[in-house]
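**Q** Residue numbers (this note's numbering): 14 to 507.
The set of hints was computed from the structure by calculation and includes no laboratory data.
Label pairs and their calculated CB-CB ranges: (1) Lys435 / Trp478: 42 to 52 Å; (2) Ser436 / Glu396: 12 to 22 Å; (3) Ala411 / Gln464: 20 to 30 Å; (4) Asn431 / Asp184: 50 to 60 Å; (5) Lys435 / Pro258: 45 to 55 Å; (6) Gly105 / Glu396: 18 to 28 Å; (7) Asp81 / Ala411: 36 to 46 Å; (8) Asn467 / Asp81: 36 to 46 Å.
Note that beta-carbon positions come from the ideal geometry of N, C-alpha and C, so glycine has one too.
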Amino acid sequence: MATTSISNMVVTLEAKNPPKLQAAPAASSSSHTLVTTTRKPSIMTCKAAISTQLKPERPMPPKQEQLDISSVWRKLHGEDKWAGLLDPLDPGLRLEIIRYGEMAQATYDSFDYDPYSKYCGSCRYPHEKLFEYLDMTHMGYTVSRYIYATANVSLPSFFKRSRFPHKMWSDRANWAGYIAVSDDQTSKSLGRRDIAIAWRGTVTHTEWLADLTNYLRPLSPEIPCGDQGVKVEAGFMDLYTDKSPQCRFCKYSARHQVLSEVRKLVEKYEDEEVSITITGHSLGSALAVLSAFDLAETGLNVKKDGSGIHISVITFAGPRVGNWRFKQRLELDHGVKVLRVVNTHDIVPKSPGFIINESSPEWVYRLFKWLPWSYAHVGVQLELNHRDSPELNPNGDASCAHNLEAYLHLIDGYQGSNLGFKSATERDVALVNKSCDFVKDEHSVPPVWWQDMNKDLVRGSDGLWRQPERPRHVDHPEDIDHHLNQLGLLQSQS
Numbered sequence: 014m015a016t017t018s019i020s021n022m023v024v025t026l027e028a029k030n031p032p033k034l035q036a037a038p039a040a041s042s043s044s045h046t047l048v049t050t051t052r053k054p055s056i057m058t059c060k061a062a063i064s065t066q067l068k069p070e071r072p073m074p075p076k077q078e079q080l081d082i083s084s085v086w087r088k089l090h091g092e093d094k095w096a097g098l099l100d101p102l103d104p105g106l107r108l109e110i111i112r113y114g115e116m117a118q119a120t121y122d123s124f125d126y127d128p129y130s131k132y133c134g135s136c137r138y139p140h141e142k143l144f145e146y147l148d149m150t151h152m153g154y155t156v157s158r159y160i161y162a163t164a165n166v167s168l169p170s171f172f173k174r175s176r177f178p179h180k181m182w183s184d185r186a187n188w189a190g191y192i193a194v195s196d197d198q199t200s201k202s203l204g205r206r207d208i209a210i211a212w213r214g215t216v217t218h219t220e221w222l223a224d225l226t227n228y229l230r231p232l233s234p235e236i237p238c239g240d241q242g243v244k245v246e247a248g249f250m251d252l253y254t255d256k257s258p259q260c261r262f263c264k265y266s267a268r269h270q271v272l273s274e275v276r277k278l279v280e281k282y283e284d285e286e287v288s289i290t291i292t293g294h295s296l297g298s299a300l301a302v303l304s305a306f307d308l309a310e311t312g313l314n315v316k317k318d319g320s321g322i323h324i325s326v327i328t329f330a331g332p333r334v335g336n337w338r339f340k341q342r343l344e345l346d347h348g349v350k351v352l353r354v355v356n357t358h359d360i361v362p363k364s365p366g367f368i369i370n371e372s373s374p375e376w377v378y379r380l381f382k383w384l385p386w387s388y389a390h391v392g393v394q395l396e397l398n399h400r401d402s403p404e405l406n407p408n409g410d411a412s413c414a415h416n417l418e419a420y421l422h423l424i425d426g427y428q429g430s431n432l433g434f435k436s437a438t439e440r441d442v443a444l445v446n447k448s449c450d451f452v453k454d455e456h457s458v459p460p461v462w463w464q465d466m467n468k469d470l471v472r473g474s475d476g477l478w479r480q481p482e483r484p485r486h487v488d489h490p491e492d493i494d495h496h497l498n499q500l501g502l503l504q505s506q507s
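Using the sequences and the hints given, assemble the complete structure.
**A** In structure tokens:
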């Protein structure tokens with residue numbers, strides 16, 4: 014891709030709509046165009062004549078169109094446990110993995126991490142325009158609601174707070190992800206109406222592993238389950254089920270937010286074939302698996318007419334979530350399909366359960382799998398190796414090996430065992446360095462380059478620099494109580 018410096022561009026800055034400058038996430042083979050997004054309302058003055066659109070000297074190829082997978086989507090989503098599709102990697106499956114990986118990446122690209130921002134811990138954009146601001150409208154999904162989680166003492170690294178408590182948007186909540194649904198045209202190509210749930214994780218850093226108690230606790234009573242032997246990691250359960258009645262964003266737990274919205278969408282599209290696809294990276298992967306279990310356990314994978322709804326999970330860099338009984342009930346009793354993408358050098362998928370897990374000698378695991386620190390991974394694993402990529406530093410640190418953009422780069426180039434590494438979609442390697450320093454120096458990509466212009470400050474008509482106001486955050490749909498009541502959960506909300 015030809016590089017273009019600012020001096021090669023003609024720029025204009027409209028007085029009332031200062032742009033947020035960022036690179037477009039590559040949701041397809043050609044997402045290399047620099048775009049701007051505007052924040053309204055705000056006023057800014059500038060002596061320079063700058064354009065609102067940053068364009069390269071030559072046009073970039075068009076974005077990749079949505080492939081028609083209507084006849085094979087069930088196989089791509091694990092109907093046969095991905096038999097024959099992983100080695101070599103099926104081209105259609107590759108695109109599906111990248112697509113949902115981009116949905117997970119969107120939670121990072123839009124999250125406000127800045128402790129000097131009064132909106133720290135929130136999403137930068139309103140839900141109805143999330144994909145527009147991230148240049149992802151071509152994916153053909155509409156965000157129906159955001160998911161919020163309350164501050165969790167078990168996993169403090171997940172939560173980000175502003176250093177200005179008197180100005181914080183919320184002193185208890187953090188944005189945790191979103192629920193989206195495919196539009197009519199995309200649903201036709203997909204062969205069904207797809208409800209997608211994307212959970213935010215922890216970007217590249219792995220410090221949150223120290224927060225894990227390595228303690229399995231029973232799923233009930235937080236999630237009623239017919240098998241009392243099912244157990245999950247305590248911190249994941251707290252994050253998913255905790256609520257804060259004093260907070261308008263967290264007066265409903267993340268669990269209740271998800272269940273009520275999925276029920277509403279399933280009811281809305283009851284005359285169509287519907288699927289539920291859940292994705293997440295790192296800690297978001299654990300929430301994806303846990304919420305998939307919950308949806309199936311609650312019966313939301315069955316329509317009123319008795320027909321089933323396919324639930325699949327595509328995760329990246331995910332830790333173990335529960336014990337052997339959790340794995341059995343998820344896979345055998347409920348038929349949830351899980352594809353776990355891991356990097357062999359990433360430490361997160363190896364935890365918790367370092368001592369006793371599904372990788373232990375069979376006799377050891379059978380003997381000790383009932384212990385409260387004995388974990389088991391769920392689903393099917395697709396193992397990658399970042400040292401196979403000629404564009405990444407083979408000696409990158411632990412956070413690099415855990416980076417989601419690096420995972421998507423590896424999926425793009427992975428062909429199969431001993432088949433070499435070659436980009437299948439011409440994905441821009443610069444995306445890997447959004448939040449880390451992993452790309453080899455020969456590519457001249459600066460590390461940690463994804464950032465806001467001027468730390469998100471704009472200059473007002475009075476000449477002062479300040480952070481502009483953002484649209485008021487929508488907390489919950491007006492009909493959430495109705496759907497919780499239909500699920501028999503409204504009483505537990507009190």
